[in-house]
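> Below are the chains, spelled out letter by letter.
Protein chains: 2
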Amino acid sequence: MADQKIYQASTTAPVNIAVVKYWGKRDPKLNLPQLLNLSNSLQADLRTHTTAACSASFPASDSLLLNSSPQDVTGARTQACFRELRSLRAALEASDSSLPELSTLPLKIVSENNFPTAAGLASSAAGFAALVRAIANLYELSSSPTELSRIARQGSGSACRSLFGGYVAWQMGTKDDGSDSLAVEVAPASHWPTMRALILVASAKQKKVSSTSGMQTTVATSELFQRRAEIVVPKHMKEMEKAIKEKDFEAFGRVTMMESNSFHSTCSDTFPPIRYMNDVSWAAVGVVEDINRKAGKIVAAYTFDAGPNAVIYYEEANTDIVAGVVKGALGSVSGWESRDIKPQASDVLDAADVEVLNKGITRVILTQVGEGPIRTEESLI
Amino acid sequence: MADQKIYQASTTAPVNIAVVKYWGKRDPKLNLPQLLNLSNSLQADLRTHTTAACSASFPASDSLLLNSSPQDVTGARTQACFRELRSLRAALEASDSSLPELSTLPLKIVSENNFPTAAGLASSAAGFAALVRAIANLYELSSSPTELSRIARQGSGSACRSLFGGYVAWQMGTKDDGSDSLAVEVAPASHWPTMRALILVASAKQKKVSSTSGMQTTVATSELFQRRAEIVVPKHMKEMEKAIKEKDFEAFGRVTMMESNSFHSTCSDTFPPIRYMNDVSWAAVGVVEDINRKAGKIVAAYTFDAGPNAVIYYEEANTDIVAGVVKGALGSVSGWESRDIKPQASDVLDAADVEVLNKGITRVILTQVGEGPIRTEESLI
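One line per chain: the protein sequences are A and B, in this order.
Letter by letter, the first sequence follows residues 1 to 381 in the numbering used here.
Letter by letter, the second sequence follows residues 382 to 762 in the numbering used here.
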């Protein structure tokens, strides 16, 4: 009789926000970026919690439950992750016959996000990172986060960065098979622990363009994209790494904002144009500009991913003049209760911008740059 | 006793819309474009009517009345136009002593626009073109439109194009003094008489950035601008001239839309970013995309200048499937009465886009590519 034991392991993995933006795939199948990339992971208040289990007692097919809904696991991306991880486990089993043959057992994956899925917060990055990390834990693989990033990247491009905490770079790599396209740590979260983020979640309709086909169209049609890929991103990567190493917020903020603008400009230069930022997003840009004007220097920096949400970075010491001022203007929006932010006078802000934000922002999320995946004994099975 | 006679001449000059966009001044004082430029003038239903007069009986100072409001004429731009035109007249007088010495007399200029000034329709282009053309008529100068464009350019960059009708190119020139930065005709309006334009006038707040300082900031801060100036605009100029010469609407439309996108992308890549298109503008983009999708080819093309108004080009034969469909969706907006457009079913359009447009569009203007300045005996004095 086969072993009916249920083997399992659990982990969390954080959402991450890119401050130098990934766009433009070198190879759609391998998810190879044409651009270098820097991102920072957000604290575990924005995370996926995943339990990976395997057992001969499970139904023969692998399964994945996300927020209690069964997910399709037959797609090439999920299959690639399962296959690569099973292959590493099989090698381990081949070298040590005392190990149980987990690589041959069906997998049951259960995941839960602690943030609204519809908020457009790149849940697939956290999801695939947690999936890969949880299975690696289950299989007791000794692979480093960088080695696992090669696998997670095949699930979702940006997932490889969610295998780390803190400040992470994603290197493009040059090899045809993508084996040198990896995530590496620039600095741990503890290097610059005062970095904070305020996310303004905008009410968004379903986005019309999938990221993957959008990227391919941008590469194919945007005349400006080539300069971004060749000149702008390498320049911003260099400046960003320096700003982070020196904890220079003004430089970090300037590059973060210019980089976000550059990214969205190549989106709108695509044909047909791709547009993620709407009037609400631009009102958030106006608010950040007003806050910085009042401060006489860059104390707040916006960035926008493939959606209308604004992520506003600031240092803890400037909580009052950034998050406090925004709370003074948007105090009735939900989400402020998670931290103790004192609302401040917001008359420095443009009244029209504040009106647009009050109509268009559904919630705020207060968070910070934080740790990577954390192993947990809390099982979802 | 001095001659008390009032000498006068009147003209109209059209508004023009650039389909390859001017941005980035080589020299702020001379208004020299860093980019080549192609524009087409709109029919005289969007025009400035100007009478220029001079007389020893007038008060000693030059004066300018626009829509019944006195305007400041002491600015460097207006003064440059007056000075250059007087200098040409003085040369004429020096060569023929029988001519009255108009160059020494005070000028009185009276102008009227037949379109709402607040609509953001580049009224200064039509205004300076009419001013220069009217004074040239008054002074009986034999200067060609191209020669006059050198003068009008010093009043308002884009004014030099309003000295022509039809399809006009504005050449950058290479000389330091700007004397070879001139407008030339690509084709007269009669070459492609079926070209129509539907303008959706969006309710706009005062724009925050002046065109002049905006251009300088773009040149100084946009990393993507250099590629636009060096590669994109010359490519689009070439394609646009070819499309116009061949009356190839699909090519004209594709380049018009890509060029508009490219221009606004370098605006948003400026730091701080410059933004002219809002949610209403993007809803108009969506409408054009839906119309083209339904037609299975490009039958409508959008372009946006430095403001949220959409200019939608189409050929007369496609009036029903372009203007008719838009009228079907926006029939309650004013402005349709000027032409006989039959409203068509608009279910091909995205309902959310139609809702945004109905809230944000204050009027439509139906017009077409038309003639340049027309001399008139109708005096405003």
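No lab work stands behind these hints, which were simulated from the structure alone.
Keep in mind that this is a model prediction, so the values were computed, not measured.
Glycine included, C-beta positions come from ideal geometry on N, C-alpha and C.
Careful, some of the hints might be misleading.
Claimed, not checked - Pairwise CB distance ranges (calculated):
#: 1; chain 1: A; residue 1: Lys294; chain 2: B; residue 2: Ser468; range: 48 to 56 Å
#: 2; chain 1: A; residue 1: Ile231; chain 2: B; residue 2: Ala676; range: 32 to 40 Å
#: 3; chain 1: A; residue 1: Asp45; chain 2: B; residue 2: Asn739; range: 38 to 46 Å
#: 4; chain 1: B; residue 1: Thr602; chain 2: A; residue 2: Ala295; range: 50 to 58 Å
#: 5; chain 1: A; residue 1: Ser144; chain 2: B; residue 2: Lys740; range: 53 to 61 Å
#: 6; chain 1: A; residue 1: Val184; chain 2: B; residue 2: Gly677; range: 26 to 34 Å
#: 7; chain 1: B; residue 1: Gly456; chain 2: A; residue 2: Asp347; range: 30 to 38 Å
What the hints assert, rightly or not - Far from chain B, by Cβ distances over 10 Å, these chain A residues were calculated:
#: 8; residue: Ser63
#: 9; residue: Ala90
#: 10; residue: Glu147
#: 11; residue: His191
#: 12; residue: Ser203
#: 13; residue: Glu246
#: 14; residue: Glu250
#: 15; residue: Arg254
#: 16; residue: Thr266
#: 17; residue: Phe271
#: 18; residue: Pro272
#: 19; residue: Asn278
#: 20; residue: Lys342
#: 21; residue: Gln344
> Look at each hint and say if it fits the structure.
Do the hints match the structure? See the list:
For the pair Lys294/A and Ser468/B, the supplied restraint of 48 to 56 Å holds, since their beta-carbon distance comes to about 49 Å. Taking 32 to 40 Å as the suggested C-beta distance range, the pair Ile231/A and Ala676/B conforms, at roughly 38 Å. Roughly 40 Å separates the CB atoms of Asp45/A and Asn739/B, a value that falls within the hinted 38 to 46 Å. Checked against the hint of 50 to 58 Å, the pair Thr602/B and Ala295/A fails, with Cβ atoms roughly 20 Å apart.
The beta-carbon spacing between Ser144/A and Lys740/B, approximately 54 Å, falls within the hinted interval of 53 to 61 Å. Against the hinted window of 26 to 34 Å, the Cβ-Cβ separation of Val184/A and Gly677/B comes to about 48 Å, which falls outside the hint. Checked against the given bound of 30 to 38 Å, the beta carbons of Gly456/B and Asp347/A, roughly 34 Å apart, stay inside it. Non-interface call for Ser63/A relative to chain B: holds, since the shortest CB-CB distance, roughly 37 Å, exceeds 10 Å.
Residue-level check passed: Ala90/A sits 48 Å from the nearest beta carbon of chain B, beyond 10 Å. Consistency note on Glu147/A: stated as away from chain B, and its beta-carbon is indeed over 10 Å from all of that chain's, at 34 Å minimum. The non-interface label for His191/A is consistent with chain B: the shortest C-beta to C-beta separation is roughly 27 Å, beyond 10 Å. At roughly 12 Å from the closest C-beta of chain B, the C-beta of Ser203/A stays outside 10 Å, upholding its exclusion from the interface.
No Cβ of chain B comes within 10 Å of the Cβ of Glu246/A; the nearest lies about 21 Å off, and the non-interface call holds. The Cβ of Glu250/A lies farther than 10 Å from every Cβ of chain B, with a closest approach of about 13 Å, so its non-interface assignment holds. Here Arg254/A does not stay apart from chain B, with its beta-carbon only about 8 Å from theirs, under the 10 Å limit. Non-interface status of Thr266/A relative to chain B is broken: a Cβ of that chain comes within 10 Å, the nearest being about 7 Å off.
The claim that Phe271/A lies off the interface is violated: its Cβ sits roughly 5 Å from the closest Cβ of chain B, which falls inside the 10 Å cut-off. Its beta-carbon lying about 6 Å from the closest one in chain B, Pro272/A breaks the requirement of being farther than 10 Å from that chain. With 10 Å as the threshold on Cβ separation, the claim that Asn278/A sits away from chain B is violated: the shortest Cβ distance comes to roughly 6 Å. Residue placement check: Lys342/A keeps its beta carbon more than 10 Å from all beta carbons of chain B (closest about 28 Å).
A cut-off of 10 Å between C-beta atoms confirms that Gln344/A is not in contact with chain B; the least separation is 23 Å.
Of the numbered hints listed earlier, those contradicted by the structure are 4, 6, 15, 16, 17, 18, 19.
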